[in-house]
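Protein sequence lines correspond, in order, to chains A and B. Counting in our numbering, the first sequence runs from 1 upward without gaps. Counting in our numbering, the second sequence runs from 1 upward without gaps.
For the record, the hints were derived by calculation from the structure and aren't laboratory data. Be aware that one or more of the hints could be misleading.
Cross-link-like lysine-lysine pairs, in silico, BS3-like; alpha carbons within 25 Å at most [stated by the list, open to error]:
1. K57(A) / K13(B)
2. K29(A) / K11(A)
3. K11(A) / K57(A)
4. K80(B) / K57(A)
5. K13(B) / K80(B)
6. K77(B) / K6(B)
7. K137(B) / K11(A)
8. K11(A) / K62(A)
9. K57(A) / K6(B)
10. K57(A) / K77(B)
11. K121(B) / K137(B)
12. K137(B) / K62(A)
13. K29(A) / K137(B)
14. K180(B) / K52(B)
15. K57(A) / K74(A)
16. K137(B) / K57(A)
17. K29(A) / K74(A)
18. K121(B) / K52(B)
19. K7(B) / K121(B)
20. K180(B) / K121(B)
21. K7(B) / K77(B)
22. K13(B) / K77(B)
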Amino acid sequence: MKSQQPFTSAKSYVPPHSPFDPCPPIGRKYYSTPPNLYLGFQPSDLPQFSPADALRKGTLWKVFYDYYDNPYRKGAGKSRD
Amino acid sequence: MWTYEKKLQYPVKVSTCNPTLAKYLMEQYGGADGELAAALRYMNQRYTIPGKVIGLLNDIATEEFAHLEMIATMIYKLTKDATPQQLRDAGLAEHYVSHDSALFYNNAAGVPFTAAYIQAKGDPIADLYEDIAAEEKARATYQWIIDMSDDPDLNDSLRFLREREVVHSQRFREAVEILKDERDQKKVF
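Bound conformation, chain B alone (with noise of 0.2 Å):
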């Protein structure tokens, strides 16, 4: 259960009006390295994984979620008023032909999103290595988001949810240590 905070955890503010950008964030969105697949994958990979990180997967997982409202918003911000020639001029014609401006789960080339871009292998090693590769993975969409983008206030919340995938990665690969760690191991040499 969860309790919610009617407030995104880092202001979004966009300062231009540039539907194409909205495009680009739609691989953070309904990508395989976006914020939906990284919620979702650690929301489930918990049930399995062993009882000292599973906080570490819910907590990530939740935050994922605040993550996921932000893209949502920004997307929401570059496109709620462009007109429909607007967003064919942002390569959005398709995306306007099927849901007018409302948001769906596809990534940056209009694929939508499937669960097939995400893991359960059961085993704690596997399963945290993927979660490491995922936060990196996040990291550089980040990155090549924010090339793309010439619009500073975006750039700011940009630059902040990429700071949380360097924290995240962290906190994974601190994960492996605590899972692998022998210290409390009776050893004779």
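If we strip away everything but chain A, and leave its shape as in the complex, we get (with noise of 0.2 Å):
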């Protein structure tokens, strides 16, 4: 389903790194632009999931589901369902 949507919910950039900065680069910084940022006035008729599924992931609206996890992590990004 997300593929289909015009837009990533996840941006990431690469801060600059001097050879002078204590730390190891931490490389990709990852931000969130999650889907309430693109819509607008919600339109109409709209895919919804089903109530039990809905009171799960805490919207109705599949187009304003965002699974988040530590983009961090190895592994990560990954929806458990």
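Both chains come to you apart, so use the hints to assemble them.
Following this line, the structure appears as structure tokens:
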């Protein structure tokens, strides 16, 4: 479902690093850009989760569901469902 | 007036004894971008906002109290059986000497809650923009707590709360659209 959307819900950038910085570079920094940034006023007739799923996920609307996991952990970013 | 349902909005399960996580969670309990600040902010702003969006602030403020109750449950479960030594190891010695294992509205650094965390400017756009910012800051705080936590069951509840911040931000953004809407104006071009 996520791939059909015209936006991605996370972005990343590489902060500058100098040879004199004390810590090894973190590499990429990540930040969320969740769906509420893109939709404006919610359009009609959007697909919904089943009531049971909606109660678990925290939203009735599939378009607003945005799974988050620690992006700095190995193997992160995979939704459990 | 409210009616109380004697259950949490979403189940809270904690699988590891880790009082340090309780310290982090206090950021969402008594912190500047926490659930208490959110609830009090919207509950108070709703009196002086156009009627079309009073109900939204009322509903979201009410839900924030349900989130506050979930955070309280998490902190309670993580600290209720901790010895003074375990609390000291978790960085909660200062909390213990003042409060034992009682909950208190402090942030993660032990700073007590203050009304200076919130605002009511009386300008509907200014207030709603603050509310949108508050939701995004709370969302980010949940992300940083999830990043620090290795407890899969706790993270499951935190992901639910983060998702609610996303939805609340969406609804506040829609409230701005309602208030700035010009469809009812007669325009001659």
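Results of checking the hints against the structure:
1. Of the pairs offered as hints, the one joining K57(A) and K13(B) holds, with about 16 Å between alpha carbons and a cut-off of 25 Å not exceeded.
2. As the CA atoms of K29(A) and K11(A) are separated by approximately 8 Å, the hinted pair is consistent with the 25 Å bound.
3. Taken as a hint, the K11(A) and K57(A) pair is honoured in the structure, with Cα atoms around 22 Å apart against an allowance of 25 Å.
4. Note on K80(B) and K57(A): the hinted pairing is violated, with a Cα-Cα distance of about 28 Å set against a maximum of 25 Å.
5. Restraint check for K13(B) and K80(B): satisfied, since their Cα atoms lie roughly 14 Å apart, inside the 25 Å limit.
6. Restraint check for K77(B) and K6(B): the C-alpha separation of about 17 Å stays at or below 25 Å, so the hint holds.
7. With a C-alpha separation of about 17 Å, the suggested pairing of K137(B) with K11(A) holds against the 25 Å cut-off.
8. Restraint check for K11(A) and K62(A): satisfied, since their Cα atoms lie roughly 20 Å apart, inside the 25 Å limit.
9. Taken as a hint, the K57(A) and K6(B) pair is honoured in the structure, with Cα atoms around 21 Å apart against an allowance of 25 Å.
10. About 23 Å separates the Cα atoms of K57(A) and K77(B), which keeps this hinted pair within 25 Å; it holds.
11. Between K121(B) and K137(B), the direct Cα distance comes to roughly 19 Å. Compliance with the 25 Å bound is thereby established for this hinted pair.
12. Among the hinted pairs, K137(B) with K62(A) is consistent with the structure: their alpha-carbon atoms are about 23 Å apart, no more than 25 Å.
13. A hinted pair counts as satisfied when its Cα atoms are at most 25 Å apart, and K29(A) with K137(B) qualifies at roughly 17 Å.
14. Distance hint between K180(B) and K52(B) is fulfilled; the C-alpha atoms sit about 12 Å from each other, no more than 25 Å.
15. Of the supplied pair hints, the one linking K57(A) and K74(A) holds, its CA atoms being roughly 24 Å apart against a limit of 25 Å.
16. Between K137(B) and K57(A) the CA atoms are separated by roughly 20 Å; this keeps the pair inside 25 Å, and the hint holds.
17. This hinted pair checks out: K29(A) and K74(A) have alpha carbons roughly 14 Å apart, not beyond 25 Å.
18. The hinted pair formed by K121(B) and K52(B) meets the criterion: a straight-line CA distance of about 18 Å does not exceed 25 Å.
19. Under the criterion of a C-alpha separation no larger than 25 Å, the hint pairing K7(B) with K121(B) is inconsistent with the structure, at around 35 Å.
20. At roughly 18 Å between alpha-carbon atoms, K180(B) and K121(B) fall within 25 Å of each other, so this suggested pair holds.
21. Restraint check: the Cα-Cα separation between K7(B) and K77(B) comes to about 16 Å, which is no more than 25 Å; the hinted pair holds.
22. At most 25 Å may separate the alpha-carbon atoms for a hinted pair to count; K13(B) and K77(B) meet this at roughly 9 Å.
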